[in-house]
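Let the sequences and hints guide you as you build the complete structure.
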Amino acid sequence: MDIQDLAQDIPVEGEYSLEGIDFITSGEQYLTFMLAKEQYAFDILCVEEIRSWETPTKIPNSPEHVCGVINMRGIIVPIIDLRLKFNICEAIYTETTVVIVLTIENAGTSRTIGFIVDAVSDVLNADESEIKSAPAFGGCVPQHYIDGLVNVGDNVVTLLNIKALQQIEAHQNSN
Amino acid sequence: MESSLLNLEQGDDETINSIFRAAHSIKGGAGTFGFNQVTEFTHLVETLLDEMRDGRRAIEQNDIELLLDSVDCMRLLIESIRDEVDCDLTKINETSDLLTISLNKGKEAEEVQASSEQSSANDQQQANSGQSIWHIEFIPDHHLVQTGNDPLLLFNALADLGELVVEANCKDLPAVTDIDAEELYISWQLTLTSSSTEEDIKEVFEWVEDECKLNITQESASSSDATPAQEPTEPDDSSNDVTPSVEAAPTPAPTVASAPPPPLEPVPEEIQTAKSQNKNVEAKATTKAKAEVGSIRVGVDKVDSLINLVGELVITQSMLSELGNDFDITKVERLTSGLEQLLQNTKELQESVMRIRMLPISFAFNRFPRLIHDLSKKTGKEIELILKGEQTELDKTVMEQIGDPLVHLVRNAVDHGIEPAEVRVANGKPEKGTIVLDAYHQGGNIVIEISDDGGGINRQAVFNKALEKGLVDEKTQLTDSQVFDLIFEAGFSTAVEVSDISGRGVGMDVVKKNIQSLGGRIQVESEPGKGSKFKVNLPLTLAILDGQLVKVGTETYIVPLITIVESLQAKPELINRVSGDMLLYRLREDNVPVIPIYKLFDISAENEQVDNALLVVVEADGQKVGLMVDDLLAQQQVVIKSLKDNYQQVEGVSGATILGDGSVAMILDVPGMITMAMKNASQAQLHKRTPILEGVTS
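Protein chains in written order, with the numbering used here: chain A, 1 to 175; chain B, 1001 to 1698.
By construction, these hints were calculated from the structure, which means they are not laboratory data.
All C-beta atoms in this analysis are idealised placements derived from N, C-alpha and C, irrespective of residue type, glycine included.
Heads up, a few of these hints could be off.
Said to hold, decoys possible - Now the stretches of chain B that chain A is said to cover, found in silico as 3 or more residues with beta-carbon under 8 Å:
| no. | segment |
| --- | --- |
| 1 | 1595-1602 |
| 2 | 1637-1650 |
| 3 | 1662-1675 |
Pasting the structure below:
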């Protein structure tokens, strides 16, 4: 599916409008996506693929936000629902619900994890100077998952810290 | 060779011969490939053995120790050659010195015996009538030390033949700036007063013949008084080093006046040794890395059977494709039979491929006789090691990773298990302790048992220690096995004294972790005063599993076929609710606790009533339980995929697999599920909720 198509299909239209994609710019590139009405972004270099939603196999006694595992070409990939993880909204599965599969390398280990998001929207170029730090109060997303904020037009995109995300399940479920 | 050496303690002729043959073939092989260092070394060993073989030398304990050390050195040498790095020469030199000394002793003894009338004048400086003076001019090639030869060793050997005067000639030394530390620029003038023949002397230089110029001339014996007159022109290299034999030779005081510039003094090989020691540190790291990749030796029969199977597979394939070219409904029967054949072939092929990875466990076991030998020497305990089931085959990966945990367990058994001889005798046990290593198949698992007849685990000591560490509190009632499991906690040691063998409390937790990472588990049985037994359960292979697919609600799970005892439909009259809603199913004579999977995994099932439910009776760790499932599906082989790679270990699940339709299914870990149910039950008791299961520990 085309990313642009997906972006247009988003039920919560609103006033978001991103800059046109310019792949030649020098800054870091981020893949932005929607969780409810908010925009978030991953470092695009970590994105393995974007998959359409399929019901995963449940993992016994896993925390609520760990939906289960899927088979991605012979690799068992755990699926995490970011909406539940961050308590942003209820997990509703629509046509635009997709799974962004990231390969995250950290401290010599590499993990492939899928994250459920409401929709994928765009690729964002952002120079380091444009990234502002997030205010330290409010919000459902714990601070250490946030790398910074970027203003895009009238909107604010939250950049997520990939390395912290890798640890998501390690912290949980240890009981 | 090592194992024969250990047998040597019993010492019969045949063993010596076989050791000799082994040493000889190592020497021969090394010679063929030009590994002079190895050949030289092995030669010494061989000489010693030769004496033993001819009965000229009594076999003593310290000789055997020495030989064992030599085996280590040889292994070191060969490894270093394989990895193309220099190895630590010092240890080898030491050992070979020891060997030489030991040889000398033998010789002295011999000579004393043979010529008692010669009034044991061997060590004296007087020249006997039979002795003559040899002038040897030894001009080694510059690269001599690079081939692993050490002139000092040669001189030692010469000194053994008689009195030796060494005179170094440094005239070829280049300017300091031009010196290559790995080259040898010095030549020597040697004067030997000895009864030996030219042949004897030549033999000493046998290994360097091609790399030096050697002139041997004889002087008449009568002029022996000329010997001490010679003075070296330089401080003698040889005497700077620790060379006991050379010290015995009359080395006149060096005259410094004519000495060359001082910076040249260090002997090149010293520098080299230092260098190679540095290298050795790095080398060890690389050795390890290289070993990881490793290769595998496969029997020809296994390869042949593979080739046969591939041949059959090709035939089946061509048959099927021919059938497909022009297919009509009448040929369905041929198609089915063809497919059946294909299935058969695939299965056999798969089995043969798996067999390639299988090695007899003796590969892991054969290091233990030596280990026990060394340990029993160190601890002063006499220990007999019994190996059983050495032919049991095990996956290579499992084998490689089980080695270290096993070593640890055996060390523990020696250090903590077996009591000192006095205590043993006082307890009415034979003085000699016994450690048994046994390996056998049980279902789809391989079991390795390490048992000792020592003092057993002190239950109270373990419990006290656990109290101290805050792992348990005083009121906790623990079963024996629960107490013994405590020893696998990190930092747990009840050893009164920390020895260099064990007792630091690191290790058992690592052992357990290693074994668990292989998908195995470890159990302890122990009886005070009678000994303890560690049982390591390992999966035969890590890759493939025979499984029974079961359905619970919307989920499909796989029960490892090997754990299944039987599957049955529960008859309502055989179900008992006892002691607070615990479900027991009467299976013939046994009461089998029932674990409803949906409750354990917190999912919804179609059938939550136990009456008439389908039960899969499984057995793990000697405990039978009935798993309540909705439906039984097919049996099939599944490829195990780890959940840990991208997620983490999940309790009650040993892994996941991908089914024919591409979906993922969880593989149940039956023993893990039992533990889980037990934990849930005790938690439920605490929270006054309905227990799922209890009393499984019976």
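- Query: Broken hints, numbered, in rising order?
  - Reply: Going through the list in order, the structure violates no hint and respects every one.
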